[in-house]
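Novice: Kindly produce the complete structure, drawing on both the sequences and the hints.
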Amino acid sequence: MTDAAPPALYVEEVARLAALVRERVATVVVGMDDAVGLALGAILAGGHVLFEDVPGLGKTLAARSLASALGLDFRRLQCTPDLLPSDITGSFVWDPARADFDFRPGPVFTGLFLADEINRTAPKTQSALLEAMAEGQVTVEGRRFELPSPFHVVATSNPIEFEGTYALPEAQLDRFMVRLAVGYPTAEGEEQVLLNRVARRTEVANVEPVIDAATLRAMQAGVETVHVDADVARYCVDLAAGTRRHDSVQVGASPRGSQGLLLVARSRAVMAGRGFVTPEDVKAVAVPVLAHRLSLTTQAWATGVQPVAVVESVVGRVPVPPTVGRAPDAAARA
5 MTDAAPPALY VEEVARLAAL VRERVATVVV GMDDAVGLAL GAILAGGHVL
55 FEDVPGLGKT LAARSLASAL GLDFRRLQCT PDLLPSDITG SFVWDPARAD
105 FDFRPGPVFT GLFLADEINR TAPKTQSALL EAMAEGQVTV EGRRFELPSP
155 FHVVATSNPI EFEGTYALPE AQLDRFMVRL AVGYPTAEGE EQVLLNRVAR
205 RTEVANVEPV IDAATLRAMQ AGVETVHVDA DVARYCVDLA AGTRRHDSVQ
255 VGASPRGSQG LLLVARSRAV MAGRGFVTPE DVKAVAVPVL AHRLSLTTQA
305 WATGVQPVAV VESVVGRVPV PPTVGRAPDA AARA
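With the numbering used here applied, the sequence shown covers 5 to 338.
Among the hints, erroneous ones may be present.
Restraint ranges, calculated between C-beta atoms of paired labels, are given here [claimed, not checked]: (1) Gln310 <-> Glu194: 17 to 27 Å; (2) Phe96 <-> Pro127: 22 to 32 Å; (3) Ala225 <-> Pro173: 29 to 39 Å.
Derived from the structure by calculation, the hints contain no laboratory data. In this text, all values refer to a predicted model and were calculated from it rather than measured experimentally. All C-beta atoms in this analysis are idealised placements derived from N, C-alpha and C, irrespective of residue type, glycine included.
Specialist: Right, here's the structure in full:
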């Protein structure tokens, strides 16, 4: 059973600990400050993260380092076409001594689960994560098993190769709070990667924990206390609705998308030391939260229109609400 929720930390303490986590991860992960910050923001908001970029850019290292800094148990599963749903969730195994079946938990029973190259496994196996991501539980042979809390999924996907891969279905993509692209590092950053490898004299890069799972839950509870002005909430709704009306979009962002906007914007506000959300927080996270939730029209897809450009155009033309003032101290420091 899940332990009782810990008391919420003050915004200032959440911001301090989040900064320490980012600093600790940056000691081994070079040139990914923005991506790591967004991934941490999604985790503080209670969500899951999809890294979509070419291999070799440090996505797995970033996920492992983030898990270590957050003090979470970490399990990694390399996805392949022959992977079965039970390889993720676990299965019942016959125990001759007891003359009964015992449930053997799969790797999803952890604090942070990394599904590496998730688009290389079949849709049936991909969907095995849906219940876990949405409800924090798995059902095996009709029996329900609760996952640890906190529980987060970080998946990686290779957008370049298509042979032997299976595109994630829209329902699966929608469960990821953010989709992040890492990009190639600068020449200086890549040089630092090489020097760091030489300095540590081993392939393994270890990150010492900054917090533990209980503290992470308290930080997440602190994010829940952040004040949200009604105008900011309406701004999130207008941005999501703007994607639905765009000429290049067949299916726009759902209400889950507008909710994701608000949740990640709250995390961003907290990491900046604020107990209230501004429209700039929403704009800053709009692309990673909304772009992967759009289905483009055939014509737009054929002409090379990208979902990122669609979201950027929507952000550019939806009116920004007036500046939001600081929330009352009781709301900001609940």
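Novice: For every hint, state whether the structure bears it out.
Specialist: Hints, verified against the model:
1. Gln310 <-> Glu194: 17 to 27 Å: This hint holds: roughly 26 Å between Cβ atoms.
2. Phe96 <-> Pro127: 22 to 32 Å: Given about 24 Å between the Cβ atoms, the range holds.
3. Ala225 <-> Pro173: 29 to 39 Å: Check passed, 32 Å falls within 29 to 39 Å.
Every hint from the earlier list agrees with this structure, and none is contradicted.
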